[in-house]
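Here the protein sequences come in this chain order: A and B. Residues 1 to 116 in the numbering used here are what the first sequence spells out, letter by letter. Residues 1 to 107 in the numbering used here are what the second sequence spells out, letter by letter.
Incorrect hints may appear among the rest.
Said to hold, decoys possible - BS3-like mimics (lysine-lysine), calculated; alpha carbons at most 30 Å apart, straight line:
1. K51/A / K42/B
2. K63/B / K27/A
3. K68/B / K44/A
4. K59/B / K42/B
5. K59/B / K27/A
6. K42/B / K27/A
7. K44/A / K42/B
8. K57/B / K42/B
9. K57/B / K44/A
10. K42/B / K62/A
11. K71/A / K42/B
12. K63/B / K44/A
13. K44/A / K71/A
14. K27/A / K57/B
Stated by the list, open to error - Pulled a few chain B residues facing chain A out of the computed Cβ check, cut under 8 Å:
15. Q93
16. K94
17. G100
Hints are computed from structural coordinates only; laboratory data are not their basis. Cβ coordinates follow ideal geometry from the N, Cα and C atoms, glycine included.
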Amino acid sequence: NAGVMQNPRHLVRRRGQEARLRCSPMKGHSHVYWYRQLPEEGLKFMVYLQKENIIDESGMPKERFSAEFPKEGPSILRIQQVVRGDSAAYFCASSPPGLAGRNEQFFGPGTRLTVL
Amino acid sequence: EDQVTQSPEALRLQEGESSSLNCSYTVSGLRGLFWYRQDPGKGPEFLFTLYSAGEEKEKERLKATLTKKESFLHITAPKPEDSATYLCAVGDQKLVFGQGTRLTINP
Chain A
1 NAGVMQNPRH LVRRRGQEAR LRCSPMKGHS HVYWYRQLPE EGLKFMVYLQ KENIIDESGM
61 PKERFSAEFP KEGPSILRIQ QVVRGDSAAY FCASSPPGLA GRNEQFFGPG TRLTVL
Chain B
1 EDQVTQSPEA LRLQEGESSS LNCSYTVSGL RGLFWYRQDP GKGPEFLFTL YSAGEEKEKE
61 RLKATLTKKE SFLHITAPKP EDSATYLCAV GDQKLVFGQG TRLTINP
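For reference, chain B alone in the conformation it holds in the complex (with noise of 0.2 Å):
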């Protein structure tokens, strides 16, 4: 069974204060790892998408990073607006999430 593991449960930076978090993945064969971001009340927002080891993909001040056991969103001078939950999933139609990492970028 599919289980994805998200650390740490929250973090708060200053803004501009560079961090990285982190997704360990265990799968019998991975078929894409899936980054969200999750404001309060809301549905989650697509990311990133990372199919094969070694794959990395970046938006404005977001890169995503995939090895054969783990994935990393690297976030980069955040901004308060950063501030959300970020969601790690692994699957193809059947999505396993994570717990998600609670972000808080303090001004």
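Next up, chain A with everything else stripped away, as it sits in the complex (with noise of 0.2 Å):
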């Protein structure tokens, strides 16, 4: 049974660019969450998303980022004109379909992103 896989494991991009970080959650798990960690800061949640939904983005800055989870496909967390300061690991976790809090999020592997 793999568990969430996240793609690519490593994204160098140069300012000004856009990111496209991908992940797939874990067969039979329909809730999608992203979040950031910036070298020595703890992990922060950024957005939730369902199938077609966001359901929660409080998280996410208001300019330049955005997020989707298609019916068909996997989850995209897209980062236009990239600045150093978004240099960080992404990491996006899923779960399973049910009462929101009584199940676990389990998470990939993660995207480093750099910014030249």
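Dock chain one against chain two, each of which comes alone in its own frame, and use the hints as you go.
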């Protein structure tokens, strides 16, 4: 049973380029979460999605960041016009359908974004 | 706003030397307390969920306990492979994480 998959594992972008991070949840999981871990900082919640719906995006920066979880295919975290401060590890997590808060979130290996 | 504070920031133990990690939390209503283990360069690995004061869970050399204000992760007779950063989080769909405790077990 494959775990949460993220790709790419490492991504290098120059300032002003776009970054696209992909996440495939565990089989049977329909809830997806994105977190960011800045160097020497803790994990910070960004967004919570279900299929075709953004449920909570309270942790997303207001500009340049967007997320989607289409009916088919992986969840995508998109960062437009990247800046050096976007350099971080981005983690995706998933949980099965059901009562939120009674289901653990399982994390992927992360995508390490470096902005030059 | 939910808050989580973990202590100590770092802990070095000798193999076999038992100890405890602390997670203090402030929440408007506890919807779950989660412990994760994170190795360098990897994603957090789920360990335990606790929902109510008095609850305890065990897995191998690890035991997690919960009170109304804090949780402890007890490590009994640790081995070098237990070296990792241990993260505590509270919430439901939006998890709030502490800064973690970096645990090093020397052989």
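* Asked: Has the given pair, K57/B with K44/A, been kept, meaning a C-alpha gap of at most 30 Å?
  -> holds, 26 Å
Can you confirm whether the C-alpha distance between K51/A and K42/B stays at or below 30 Å?
The hint holds at about 26 Å.
Against the 30 Å threshold, does the CA-CA distance of K42/B and K27/A hold or violate the hint?
holds, 20 Å
> Hint check: is the beta carbon of K94/B less than 8 Å from a beta carbon of chain A?
Replying inline: holds, 5 Å
| task | Report holds or violated for the interface hint on G100/B, using the least CB-CB distance to chain A and a cut-off of 8 Å. | result | Holds. Min distance 7 Å.
- Under the criterion that the straight-line Cα-Cα distance not exceed 30 Å, is the pair K44/A, K71/A satisfied? holds, 26 Å
*Would you mind confirming whether the straight-line C-alpha gap from K68/B to K44/A stays at or under 30 Å?*
Roughly 24 Å between the alpha carbons, so the hint for K68/B and K44/A holds.
- Item | Pair hint K63/B and K27/A, alpha-carbon separation not exceeding 30 Å | Roughly 29 Å between the alpha carbons, so the hint for K63/B and K27/A holds.
(Q) What's the verdict on K44/A and K42/B, does the C-alpha distance respect the 30 Å limit or exceed it? (A) holds, 16 Å
Below or equal to 30 Å on CA atoms is what counts here, so check K59/B against K27/A. Since the Cα atoms of K59/B and K27/A sit roughly 25 Å apart, the hinted pair holds (cutoff 30 Å).
Q) Regarding the pair K71/A and K42/B, is the alpha-carbon distance no greater than 30 Å? A) Holds, because 28 Å separates the two Cα atoms, which is no more than 30 Å.
Q93/B as chain A interface residue, shortest Cβ-Cβ below 8 Å: holds, 5 Å
In this structure, none of the earlier numbered hints is contradicted; all agree with it.
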